[in-house]
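K.L.:
So you can see what is in the structure, the chains are spelled out below.
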Amino acid sequence: MIALLLRRFTGLILTLVIVSLLIFTVMDLLPGDPASIMLGTSASPETLAALRHELGLDQPLVLRYGQWLAGLLSGNLGNSLTYGVPVAGLIVERLAVTLPLALMAMVLSMAIALPLGVLAASRRGRVFDTIATLFSQISIAVPAFWVALLLIILFSTMLGLMPAGGFPGWGAGLLPALQALVMPAVALAMPQAGVLTRVARSAVLETMHEDFARTAVAKGLSSSAVLWRHIVPNALIPVLTMIGLQFTFLVAGAVLVENVFNLPGLGRLALQALSQRDVIVMQDVVLFFAGLVIVVNFVVDLSYVAIDPRIRKAV
Amino acid sequence: MNKVSFASSARCIKRLSLGAALSAGLVVTAMTPAEAAKTALNLGMSVEPTGLDPTIAAPVAIGQLTWQNVFEGLVTIDQTGKVQPQLAKSWEISGDGLTYMFKLRTGVKFHDGEAFDAAAAKFALDRARGTDSVNPQKRFFASIASIDTPDAETLVLHLTAPTGSLIYWLAWPASVMVAPKTADNDKVMPIGTGPFKFASWTKGDRVELVRNGDYWNKDASAKLDKVTFRFIADPQAQAAALKSGDLDAFPEFAAPELMSSFDGDARLITKVGNTELKVVAGMNNARKPFDDKRVRQALMMAIDRQTVIDGAWSGLGTPIGSHYTPNDPGYKDMTGVLPYDVEKAKALLTEAGYPNGFTFTIKSPQMAYAPRSAQVMQAMFAEIGVTMNIEPTEFPAKWVQDVMKDRNFDMTIVAHAEPLDIDIYARDPYYFNYRNPAFDALMKKVQETADPATQNAVYGEAQKILAEDVPALYLFVMPKLGVWDRKLKGLWENEPIPSNVLSGVYWEE
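Top line first, the protein sequences correspond to chains R and W.
Take the first sequence: its letters are residues -6 to 308, numbered as in my numbering.
Take the second sequence: its letters are residues 54 to 562, numbered as in my numbering.
One should not assume that every hint holds.
Just so you have them, the derived chain R footprint on chain W, three or more residues with Cβ under 8 Å [stated by the list, open to error]:
{"#": "1", "stretch": "182 to 189"}
{"#": "2", "stretch": "280 to 291"}
Selected chain R positions facing chain W (in silico; Cβ < 10 Å) [stated by the list, open to error]:
{"#": "3", "residue": "G33"}
{"#": "4", "residue": "L41"}
{"#": "5", "residue": "S73"}
{"#": "6", "residue": "V78"}
{"#": "7", "residue": "L83"}
{"#": "8", "residue": "S149"}
{"#": "9", "residue": "V225"}
{"#": "10", "residue": "Q269"}
Hints are computed from structural coordinates only; laboratory data are not their basis.
Predicted model only: the values in this text are computed from it and were never measured.
C-beta atoms are modelled at their ideal positions from N, C-alpha and C, and glycine is treated no differently.
The whole structure should be built from the sequences, with the hints applied where relevant.
P.N.:
As structure tokens, then:
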């Protein structure tokens, strides 16, 4: 067990190093120079050279990579080229919006999808199943940003019930902050809920045909006991994998919804840094996303062990 | 039975009226202080500035937030585009145009209490023109040879050559006065002499300014206690924030197609003004076939400017015939020089040796006006047998690299934001690759005099050359689309310089 953990952990670190190298080279290959973006179209070559020197962009690639890695190891993520403030602070500020948003969307999509998927599978082919399938198809097909726009038009512009966008900050109190996140969370959750409903439904259907399910039925257990005690727990593995994937997707992929609701989240930070070629911010944010994916995968793997005794024994 | 029901309904009415009176009272008490003391403003901007020091970075958004609000210059530019005194109360220019003597105001203090005097002014200018300066407009200060400060209120600039635009340039955001002690920190914590003080910056969301109680100019003191600049990139989100009352004003609303959605709104008004943003389709004048003037003229004549404006910017905008806006001094309408004429355009192409047209590529940035204009132009060029491919080119990063730096392009399209930047056609290198000694001579002549009438005459000749030579296809001047609360007064309707000047803004009772 400990050997496995160690093995996985070494793999995790190795992956991060490879990812960091990839990010760094890709950033360098991108056309565009942050100094010339900052100075605009009127800057003379000398001014440009002066700024490049000030930002350390005139140093060789290997040296810059080394400095970045050394900084990361000592907990210093560097300063944003364009904002001029430490990147670590920027990321933490943005996470205070993005993480609660992703969690809310996550919980919401699970609350909708899991009961819907399980019940649809247990009533396969009947009206409820058709409705659930229809719901999941529609919510997958409709893009999150469009749902976001509809929500704004209905609840903000027409009814005036909700703020149209922006984030007051947690300092403004729990209620206003949560209120600002409700509509974005709904918009984000809809497509996720659609996907998750499908995965849950098919996982439950598949498990129904397994031997132990047939045995449980043969033992004379009630159909709801078979469903909830035997089938659902065993169907959880693919569902969990999907939830893990979705969580990282929600954190990294909220860019459009953050844009529509004008939320200062991590996705918008990444987008802005990209357009300004703020390489330091880009590198750190992408590495953070990569790290998040790797860690969440790790946690999902661990939870398999916790859920399924067969995997626990194999270890 | 009747009586009872009457009594109960009477009680009911009584209770209702009591409730109504109570709630009305509550509403009144809740509203009165807020209404009477409305001194805060929530203002929207499309782009968040990156850093807040306009003297070390070019993005227009920096000046739009800090210029005139936090930072001030020796001189300033008023609503009509004219230069006015500011921290310098007067100046004298020597007969040979080589010495500028400024008399500075006394008693002016930076927001941290440091005094503004000749030494501070010299510091700010030396910082902008020094060897390791990263001022985006360093060329403004290129002719300054040395700076003297005979006393605390006198600043003397010695020039190497007459520079007729110097006073105008000193009014720009890139020339504002920064304080010796705090300049290095202005990027994140700007400290100037203006009517507003920087309060906080929540990155990705807002910047807050508060009233400067010690402002030197009592006539122009801020009337608002607090201004919150909120950054909203998405046009739909901008409109929603305005309609829901989250924002009081959006001086530069980004989506012309949504302007009519504010019609009939009881609270909001819309104002269409002028800007300095010239939308031009620049050509690579060093590359075939654009090195042939007849080809450039043919392309210009193939374009109906009004149709471009209708297609790209919902009909809001002013057609132009050269690189000059109606706001600029000495403006001449040049749209008649090469008017829309398909037959003439075809004839010119045949004359140049392209009877069957040719094919080229336009590098179009992603800002809404660019691809929309390009699509309209594409259809118009097809009329004269010319095929234009549209290549989306990310702005600023890839565009600056491909067009500005490498000059690897046939045609591009971009809105030039700098006021009075007609001299870009005399700059070498500049992305048009345009060479015309006669034009260069005119630009030199502008600098040799500080007399506005002479300058205007020269600018007139320069406009004529560009209109005939068309190093770039001149399309239209962007409108300033303002949307704000009816009760809000004093916002600028036109924009002679990219700015949101807030000292004169107030809420009408």
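K.L.:
Of the hints stated earlier, which fail here?
P.N.:
Violated hint (a single one): 9; every other hint is consistent with the structure.
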